[in-house]
Amino acid sequence: MDPHLLRTFVAVTRLGSFSAAARELGYTQSAVSQHIAALEADLRAPLLHRRPVGPTEAGARLLDHAAPILLRLDAARADVARVLGEPPGRLTVGASPLAAPDRLATALARLRRSLPGLEVTLRVAGRAATVAAVAAGDLTLGLVDGVAAPSDPLRLADPGPLTTVAVAEETLVVLLPPGHPLGGRAGLRLGDLVSARWIDAPETAAPLADLRAATESDGVRAGIRYEGTDTATLLALVAGGHGLAVLPASAARESAGVVAVAVLAPRLVHRTELVHGHLAGPAATALADALRHGT
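All the letters of the sequence shown, read from the start, carry residue numbers 1 to 295 under UniProt numbering.
Simulated from the structure, these hints should not be mistaken for lab results. Incorrect hints may appear among the rest.
Stated by the list, open to error - So the derived label-pair ranges between C-beta atoms look like this:
(1) Leu115 to Pro266: 36 to 46 Å
(2) Gly187 to Arg292: 23 to 33 Å
(3) Arg292 to Ala81: 21 to 31 Å
(4) Ala105 to Leu43: 43 to 53 Å
(5) Ala265 to His65: 32 to 42 Å
Built from N, CA and C at the ideal position, the CB exists for glycine as well.
Starting from the given sequences, assemble the full structure and let the hints guide the process.
Shown next as structure tokens:
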């Protein structure tokens with residue numbers, strides 16, 4: 001299976017258009033049509049409905065495999081490129097919104113003092129996007145956060161030979177709007193809140209899927225979904241009564257408009273992990289060491 005054809009197929013299905021895929025990929029529309037026809041001939045199955053454009057049942061099956069296959073190919077290319085190291089004087093770092101921002105800021109400050117001419121780019125994105133960008137070589141290293149049992153690793157996608165190491169663990173809190181009847185409690189059990197209205201904010205708050213797994217309940221339902229990465233917006237949604245959210249305790253200190261109550265059970269923590277491939281160059285190595293040791 002030619003990966004170039006597979007990339008074209010993924011682009012067409014994502015955009016729902018042959019012409020839009022051609023513009024994005026820099027091909028002619030005729031070339032995109034030829035790519036899809038060649039892939040269908042190779043697999044001996046129709047992969048796309050043409051009017052409207054969308055995957056057939058066989059195409060949907062292929063899509064399940066396409067993203068991991070392409071990411072592993074990108075990861076292999078990036079792993080080879082890492083032998084050459086970062087361009088001199090440049091470092092690109094990624095982080096999910098609540099991935100130990102204080103620790104990252106301190107580590108970057110120390111790094112820039114030791115290498116004053118260093119050009120640093122910091123990209124804030126979602127958890128999965130950050131890991132994928134590290135694997136593909138778009139980021140030198142990244143910090144990602146999530147919810148886990150104490151000392152357990154995060155459940156991350158397997159994009160290739162990446163190193164992950166914990167750099168921080170923090171108490172979790174339930175964020176409630178002002179005046180909430182449970183706001184005066186010393187702590188709360190998530191199992192007692194399964195019927196509450198929640199905010200589904202997968203890139204900032206604890207994902208609702210993790211809360212369902214932790215409470216062994218399908219009752220954790222979203223009242224509203226927030227797909228951004230801005231923590232202040234999420235806190236404003238909680239303060240406005242749109243639903244509850246579980247965040248690290250440090251995030252609650254950013255706003256006086258919410259009430260934070262510690263999560264007593266189940267035993268969960270907010271965990272931040274450093275993710276990187278083979279490190280090459282003094283800047284990447286020094287930053288990774290600073291993040292690991294908190295110095």
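Verification of the supplied hints:
1. Leu115 to Pro266: 36 to 46 Å: The hinted range 36 to 46 Å holds for Leu115 and Pro266, with Cβ atoms some 43 Å apart.
2. Gly187 to Arg292: 23 to 33 Å: Holds: the Cβ-Cβ distance is about 31 Å, inside 23 to 33 Å.
3. Arg292 to Ala81: 21 to 31 Å: At roughly 24 Å between Cβ atoms, Ala81 and Arg292 fall inside 21 to 31 Å, so the hint holds.
4. Ala105 to Leu43: 43 to 53 Å: At roughly 49 Å between Cβ atoms, Leu43 and Ala105 fall inside 43 to 53 Å, so the hint holds.
5. Ala265 to His65: 32 to 42 Å: For His65 against Ala265, whose Cβ atoms are near 39 Å apart, the range 32 to 42 Å holds.
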